[in-house]
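**Student:** Below, each chain spelled out in residue letters.
There are 4 protein chains.
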Amino acid sequence: MLIHQGFHEECGVFGIVQHTEASNLVYLGIHALQHRGQESAGIVTSDGEELYSHRGMGLVADVFSQDILSGLKGTTGIGHVRYSTAGSSHLKNAQPVVVSCWRGQLALSHNGNLVNAHNLRDELELKGSIFQTTTDSEVILHLIAKSREHDLDQAVIQALKKVEGAYALLLLSKDKVIAVRDPNGFRPMVLGVKDGSVVMASETNALDLINAEFIREIDPGEMLIVNGSGMESIFPFTERRPSFCVFEQIYFARPDSMMFGKSVYEVRRNMGRQLARENPVDADIVIPVPDSGIVAALGASDEYGLPFEMGLIRNHYVGRTFIEPRQSIRDFGVKLKLNPVRPIIEGRRVVVVDDSIVRGTTSRKLVRLIRDAGAAEVHFRISSPPIIGPCRYGIDTPTREELIASTKNLEEIREYIGANSLGYLSIEGMMEAVCASGGHHCMACFNLDYPVNIFSDQPLSHN
Amino acid sequence: MLIHQGFHEECGVFGIVQHTEASNLVYLGIHALQHRGQESAGIVTSDGEELYSHRGMGLVADVFSQDILSGLKGTTGIGHVRYSTAGSSHLKNAQPVVVSCWRGQLALSHNGNLVNAHNLRDELELKGSIFQTTTDSEVILHLIAKSREHDLDQAVIQALKKVEGAYALLLLSKDKVIAVRDPNGFRPMVLGVKDGSVVMASETNALDLINAEFIREIDPGEMLIVNGSGMESIFPFTERRPSFCVFEQIYFARPDSMMFGKSVYEVRRNMGRQLARENPVDADIVIPVPDSGIVAALGASDEYGLPFEMGLIRNHYVGRTFIEPRQSIRDFGVKLKLNPVRPIIEGRRVVVVDDSIVRGTTSRKLVRLIRDAGAAEVHFRISSPPIIGPCRYGIDTPTREELIASTKNLEEIREYIGANSLGYLSIEGMMEAVCASGGHHCMACFNLDYPVNIFSDQPLSHN
Amino acid sequence: MLIHQGFHEECGVFGIVQHTEASNLVYLGIHALQHRGQESAGIVTSDGEELYSHRGMGLVADVFSQDILSGLKGTTGIGHVRYSTAGSSHLKNAQPVVVSCWRGQLALSHNGNLVNAHNLRDELELKGSIFQTTTDSEVILHLIAKSREHDLDQAVIQALKKVEGAYALLLLSKDKVIAVRDPNGFRPMVLGVKDGSVVMASETNALDLINAEFIREIDPGEMLIVNGSGMESIFPFTERRPSFCVFEQIYFARPDSMMFGKSVYEVRRNMGRQLARENPVDADIVIPVPDSGIVAALGASDEYGLPFEMGLIRNHYVGRTFIEPRQSIRDFGVKLKLNPVRPIIEGRRVVVVDDSIVRGTTSRKLVRLIRDAGAAEVHFRISSPPIIGPCRYGIDTPTREELIASTKNLEEIREYIGANSLGYLSIEGMMEAVCASGGHHCMACFNLDYPVNIFSDQPLSHN
Amino acid sequence: MLIHQGFHEECGVFGIVQHTEASNLVYLGIHALQHRGQESAGIVTSDGEELYSHRGMGLVADVFSQDILSGLKGTTGIGHVRYSTAGSSHLKNAQPVVVSCWRGQLALSHNGNLVNAHNLRDELELKGSIFQTTTDSEVILHLIAKSREHDLDQAVIQALKKVEGAYALLLLSKDKVIAVRDPNGFRPMVLGVKDGSVVMASETNALDLINAEFIREIDPGEMLIVNGSGMESIFPFTERRPSFCVFEQIYFARPDSMMFGKSVYEVRRNMGRQLARENPVDADIVIPVPDSGIVAALGASDEYGLPFEMGLIRNHYVGRTFIEPRQSIRDFGVKLKLNPVRPIIEGRRVVVVDDSIVRGTTSRKLVRLIRDAGAAEVHFRISSPPIIGPCRYGIDTPTREELIASTKNLEEIREYIGANSLGYLSIEGMMEAVCASGGHHCMACFNLDYPVNIFSDQPLSHN
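Residue numbers (my numbering), protein chains in the order written: chain Y, 2 to 464; chain X, 2 to 464; chain R, 2 to 464; chain G, 2 to 464.
Don't take every hint at face value.
The list treats identical chains as interchangeable, and a pair is accepted whether it falls inside one copy or across any two copies.
To be verified - Restricting the straight-line Cα-Cα distance to at most 25 Å, the calculated cross-link-like pairs of lysine-lysine (BS3-like) are:
#1 Lys147 x Lys74
#2 Lys338 x Lys128
#3 Lys409 x Lys128
#4 Lys177 x Lys74
#5 Lys128 x Lys147
#6 Lys93 x Lys74
#7 Lys128 x Lys175
#8 Lys162 x Lys177
#9 Lys93 x Lys147
#10 Lys162 x Lys128
#11 Lys93 x Lys175
#12 Lys147 x Lys195
Rather than coming from a laboratory, the hints here were simulated on the basis of the structure.
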């Protein structure tokens with residue numbers, strides 16, 4: 002999977018409680034999570050009395066300056082990076098969202114997608130609520146504000162009992178941070194300690210950067226209430242079967258992170274090995290589609306007993322607003338990002354390892370690019386199963402119709418992309434790669450088994 | 002009155018319905034109203050299906066480009082310019098505010114200040130509402146959304162019956178504009194026609210710029226519902242004694258506007274004449290504090306029979322973020338804006354005409370500046386009465402304690418500012434100047450007679 | 002004269018030697034001279050060892066920040082503001098120009114226009130010089146660098162003996178500032194003292210702002226060499242008849258400045274009086290075209306015995322990149338800047354006083370605007386003589402063909418602009434107004450008597 | 002070699018002659034060369050009559066927009082990307098430099114470093130030349146302008162005969178492009194064809210992106226004169242022994258480029274293999290320092306027979322202006338860029354492959370980082386010989402004193418960086434890896450054998 006335009010709608014969250022360098026550390030934390038969202042970035046801090054906020058469109062390093070960080074006073078703070086489709090690319094949707102209500106000021110960083118957000122929003126609007134963003138996260142804040150529970154913790158519980166879907170969230174009030182992971186645990190969130198202060202982050206690589214110690218994952222359904230005096234952990238929701246997003250491990254997370262109890266790197270290498278076992282090939286070299294396919298390709302190369310080569314070189318300067326010549330260059334979009342190393346490829350039977358195929362258009366261009374560089378044969382290997390359904394929990398996959406594997410069989414896909422052979426990792430192989438025990442992942446995009454149904458809203462009166 | 006930093010919290014509004022060049026004309030309209038607010042600018046348009054919005058900090062010409070205006074589709078639109086104190090200088094407070102609720106998308110441009118906004122906000126928050134801005138205008142949108150009236154017009158009426166204070170507002174839904182002026186008519190709003198399309202604006206000079214015809218003022222308590230099929234006028238509120246803001250005529254409005262049935266220019270010249278009649282002087286020349294004191298000074302010069310001279314030259318390039326030398330220059334702030342013409346002033350007995358005195362610090366510096374330029378005598382004349390109370394309806398005057406005239410008598414003020422003599426316009430003289438009939442103005446800042454009391458909130462259950 | 006687009010190519014220069022706040026004071030100095038150029042701004046300072054420079058497009062307040070000023074180290078500095086036609090609007094042409102040559106680093110601020118710059122440039126290019134700007138100022142630096150005189154002062158003299166035309170310039174080396182005014186003294190430059198430090202500026206209003214004392218004008222042909230130990234004045238050039246630019250007094254300078262020994266304000270008022278004496282009229286009121294026509298209109302009003310009124314209100318927010326509606330508004334360009342006060346004008350016979358007519362198009366629109374506001378008659382009065390020739394010394398007038406007065410007689414111009422009557426100030430009247438003695442001004446644009454001929458270049462070998 | 006701050010002063014050049022999409026293709030060309038310089042970017046085009054130019058600080062994609070490219074008219078153009086030390090980071094130094102001289106307008110893109118630029122500049126300054134940049138490239142333009150040869154080609158030859166050192170340059174006049182590579186051929190430049198138009202570029206990957214065909218390298222000492230009618234190749238300089246910069250192959254060039262007749266990828270892999278052969282080790286895995294060490298590490302892994310793993314993950318979002326927490330994080334600079342994959346490293350004996358060691362500080366931090374991740378042993382392997390001398394031909398190495406290998410022996414460096422063992426590639430091994438024949442490279446930074454001496458200037462009168 003190469004061109005992610007319009008594909009992912011993911012986010013990264015980070016928080017720290019009671020540290021003298023709160024804003025600087027949140028800044029570094031979300032910088033480490035930049036791969037989870039490049040569209041907007043934001044930080045909100047509290048000095049115990051008031052919240053201070055700054056958000057902007059673009060990369061973390063461009064949105065913040067030392068001056069801005071100095072203005073974000075206080076010792077507690079949360080941050081957010083966001084990626085989304087062009088349609089909703091507005092500053093107003095940048096997070097953390099900050100509102101004022103009878104409980105005082107609240108700020109929210111949310112990663113994930115609520116499946117009953119539209120229903121809840123309709124209900125809230127019918128009761129007279131007004132919305133200023135188009136994010137599902139604003140719904141959560143309305144529900145918290147509307148709760149009659151006096152205690153904020155209880156209000157958050159009451160609110161979250163009404164929402165369904167994926168959320169890993171950090172809520173900042175003037176005197177505490179509440180971290181919650183939904184009962185299915187779709188999205189990751191981990192707990193760490195830095196100089197005695199509690200840190201929460203989407204991935205462990207954010208802990209690494211600030212020299213924080215990784216303590217453990219925040220559990221599915223767990224709610225952590227953290228303030229200056231300490232940390233309380235409760236499990237207020239009905240327990241559910243864990244549904245960790247396997248796509249985080251396949252593609253989204255950084256390979257240097259630990260996630261769902263495993264090293265992302267090792268999981269990916271296992272996927273590559275299993276992929277090779279399941280799809281033998283007679284070839285000369287294995288090359289990855291960089292960067293996401295590298296680790297799986299190393300595993301496959303090892304298992305195949307074929308040399309691993311960096312046969313495609315990635316241009317890291319490619320931005321979003323690139324200018325295309327009027328008289329179009331063939332496969333221009335892919336060429337901008339990747340250039341084949343002809344002397345490596347020429348005359349060889351090449352195994353190309355990528356992490357996934359979405360629409361198939363990029364894979365098709367890629368095969369052509371490699372053939373143009375002189376490959377004798379091109380064998381495409383995918384380190385995950387065919388994607389046949391859209392994600393409903395935070396990965397912005399296209400509609401089912403646009404997913405090539407939902408309408409074409411293996412041979413048809415192979416023919417479409419023009420490869421000599423095509424092989425996917427099987428669902429069973431993937432399960433083995435991610436976890437010996439198994440059964441704790443959401444694989445809905447591969448098997449249509451959606452853990453939380455989009456129509457399963459509890460009536461709002463039930464709480 | 003010279004340095005307005007932190008003094009005014011005023012706005013300008015403009016709207017047009019069913020014109021093929023809606024966004025361009027709204028742009029020109031708010032540009033003409035730029036004197037009413039330089040902090041932020043915004044435009045929202047509707048194409049009958051959806052609203053399109055752009056807002057930004059700064060001047061109209063800097064916030065908008067032709068590209069941005071082209072993206073503001075549709076034939077109906079409203080705009081807003083805003084000035085406010087530094088404390089609330091955030092993009093989130095820029096108007097028009099746009100929200101989504103069960104009635105669809107709504108946008109609001111509001112000029113004026115609600116006196117019971119805090120109470121209403123507290124009530125709304127207690128019922129679970131969340132607020133994303135710190136403006137009183139957001140309260141109005143909440144009330145409209147919360148109204149159970151099916152009809153938007155009725156909902157607006159129900160909402161506005163709960164608010165007290167000053168409002169001249171334009172509400173845009175996808176298919177109409179509703180213009181309302183509060184029953185006291187504190188803030189101005191006029192009606193015009195351009196190429197057959199209805200235009201609404203804070204001042205007539207905005208009509209002049211786009212070649213629109215001035216029809217009439219929108220009346221106090223009047224609500225105009227304007228859509229493609231025509232315009233309906235209703236008066237849904239209990240009638241009140243009109244309370245036109247006399248400060249608009251003294252200082253805030255453009256002299257080329259018609260306001261409250263009078264030419265602002267002529268009113269100001271009358272004030273200057275009356276000021277001279279009430280405060281005779283033995284002097285050589287009359288000079289204005291430009292630009293706001295020019296017209297009154299012309300009237301005074303005429304009545305005194307003394308030559309009018311531009312003895313102070315204004316620098317029109319002064320912005321907000323000026324750099325002051327470390328080793329401070331005496332009266333630097335005033336010098337940056339005004340420079341005396343020594344050959345005109347030297348050896349002369351000078352009458353200086355300004356529109357008002359707020360804290361007195363600027364007047365004091367001004368007198369010193371004119372004396373340094375060689376004036377034999379400095380006679381200060383103010384074309385309005387002493388300001389003894391803060392405004393509660395949209396002019397952001399300082400607290401009573403900071404108003405020099407609330408704590409010092411005439412002789413003490415004269416001594417403080419260092420003038421040879423000091424004369425104000427009397428309240429009676431001002432009334433005569435603004436209106437033969439009289440009795441229709443708010444003069445609370447001069448006589449503490451506040452037409453709408455800040456504690457007079459109707460209980461919310463009454464509607 | 003109302004719309005200056007493409008008309009003036011003027012500049013302002015400012016310098017200070019040995020003051021602890023050099024960069025801040027140069028900043029304020031060029032800010033006070035902002036009316037002389039709004040396109041670019043620059044400052045270069047010296048700490049005795051090295052030069053520090055910053056230049057940018059736009060207004061002084063936008064180009065500089067406190068950070069940038071802090072980086073401009075040292076106690077001596079020069080600054081520049083520049084206006085020019087769009088064609089040469091490039092950062093590379095912003096001044097001060099800084100170069101490095103065998104004499105070390107040099108920076109130059111230049112106001113005026115050299116008439117033999119093209120010839121000199123051609124000669125220099127033929128000898129192998131390369132040019133990086135399109136300004137004539139770069140020529141001066143080449144000549145200084147090429148001079149074999151060991152002493153910088155002598156090199157400057159040798160260089161300037163080769164150039165012809167108008168220059169008021171400030172040259173900064175690491176240890177001194179050299180100020181020179183051309184032998185004709187076309188452009189103004191004055192000398193002041195601030196806290197014991199020598200200050201040089203295009204106009205006295207820059208001295209006023211920083212509380213510097215005005216000492217005297219720098220004389221035509223005078224060269225001042227100023228460093229830490231003091232100031233030396235020499236007159237190295239052949240004496241010439243002074244040719245002060247009368248247009249500075251008519252239009253360009255600030256009315257609060259002293260220039261060529263006179264108060265600009267008083268000169269303009271005299272012009273207005275003389276204009277009225279020479280052009281009697283039967284009318285009701287006198288109105289100026291603000292701001293440049295105000296002072297002359299006051300003089301005319303006094304002489305005519307007619308009331309002075311501000312019948313046109315100027316919008317001070319008009320910038321350069323204004324958006325015009327597709328369906329053009331009549332006289333849009335003028336309307337954006339000026340709006341008539343109908344109640345003042347309606348039914349009246351109006352005398353309009355402007356400082357000059359260039360192409361006549363703006364005057365024509367203005368007359369129409371005033372008629373549309375209901376004027377019974379419009380009598381146009383110009384406080385300077387008809388412009389019949391372009392300026393060659395720094396005012397970027399259009400070509401002779403475009404100057405309406407060079408192709409049409411008085412009656413034809415009157416008819417073109419549509420006024421009931423038209424009157425100019427006579428050359429004799431103007432001479433009387435600017436100076437009792439007379440004979441020391443350049444009036445070439447009015448009488449084609451060019452003091453320095455464009456073909457009078459001395460051969461370069463002569464020096 | 003990991004942190005390049007202040008290390009390289011390299012550039013990339015690109016040109017195309019007679020193509021309808023000149024500016025778009027130059028844009029793509031320099032984008033492909035972005036790895037050769039990220040500080041500034043520029044393009045100059047010619048339409049046969051005039052040159053059009055745009056330059057700016059920053060990345061190609063940020064400096065140019067479609068609007069700007071549309072303004073760069075004409076069918077011929079050259080471009081430039083530049084990296085340099087902070088000291089000379091000014092827009093004025095951005096290239097292509099454009100000047101005007103008696104030959105008309107000329108623009109120059111220059112890659113490389115002249116060793117006698119200071120001498121030439123001193124000579125030119127003594128003859129009266131002024132300099133506006135601090136680049137050596139400006140010297141070349143002065144020499145061309147000063148040449149009395151009527152023909153531009155001859156003038157370029159005469160000018161270049163005076164300069165010594167490294168240059169791969171593109172000179173654009175209104176009707177042609179002249180490409181020259183210095184007689185030693187230090188810096189690369191290649192020739193290609195796109196739709197029949199001649200293309201010149203620093204590396205072949207720029208040809209790949211625009212689908213241009215790679216024809217051949219431009220030879221050392223070759224001068225190509227290209228215009229609409231065709232291309233002429235001449236060799237006007239005394240032949241010299243080629244001195245291809247081996248550092249291009251070790252580190253600077255893209256691995257997908259062909260350079261000096263070899264595939265950069267294959268050369269690097271050979272270096273890795275040879276490195277392993279020369280430096281046996283008893284270890285568990287081989288990891289590269291990404292991205293520059295990847296290909297050599299693949300070769301080493303193969304030769305060692307040890308698994309290759311991506312044990313360090315690179316953050317591609319690291320910019321230049323990063324904010325460091327006050328309370329510094331250990332090895333922060335390296336951590337920002339690289340994070341170890343603990344499960345891969347923990348308990349293992351790790352061979353780390355990097356391309357070079359400059360000061361040693363980064364290597365030291367890196368070893369510590371890998372040990373902190375649990376490595377049992379860290380064996381550092383460098384795919385080039387010890388750097389003992391600064392580069393004088395375009396790579397901005399620090400002074401000899403700062404180069405760790407010039408003051409410490411192998412064991413001392415090993416101890417300083419804290420590795421269990423340290424091994425470099427030998428010079429002989431490197432020669433074998435880059436070229437079977439040998440003897441055509443500059444290896445001065447490794448053996449102090451500088452092909453062109455900095456003191457070898459021919460007297461200027463000799464030509």
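**Student:** Taking the hints in turn, state whether each one holds.
**Tutor:** Right, here's what the structure says about each hint:
no.	hint	verdict
1	Lys147 x Lys74	neither (29 Å within a copy, 36 Å between copies)
2	Lys338 x Lys128	neither (49 Å within a copy, 49 Å between copies)
3	Lys409 x Lys128	neither (45 Å within a copy, 53 Å between copies)
4	Lys177 x Lys74	within (15 Å within a copy, 44 Å between copies)
5	Lys128 x Lys147	both (11 Å within a copy, 7 Å between copies)
6	Lys93 x Lys74	both (22 Å within a copy, 20 Å between copies)
7	Lys128 x Lys175	between (28 Å within a copy, 21 Å between copies)
8	Lys162 x Lys177	within (21 Å within a copy, 39 Å between copies)
9	Lys93 x Lys147	both (22 Å within a copy, 23 Å between copies)
10	Lys162 x Lys128	both (19 Å within a copy, 20 Å between copies)
11	Lys93 x Lys175	both (22 Å within a copy, 20 Å between copies)
12	Lys147 x Lys195	neither (35 Å within a copy, 46 Å between copies)
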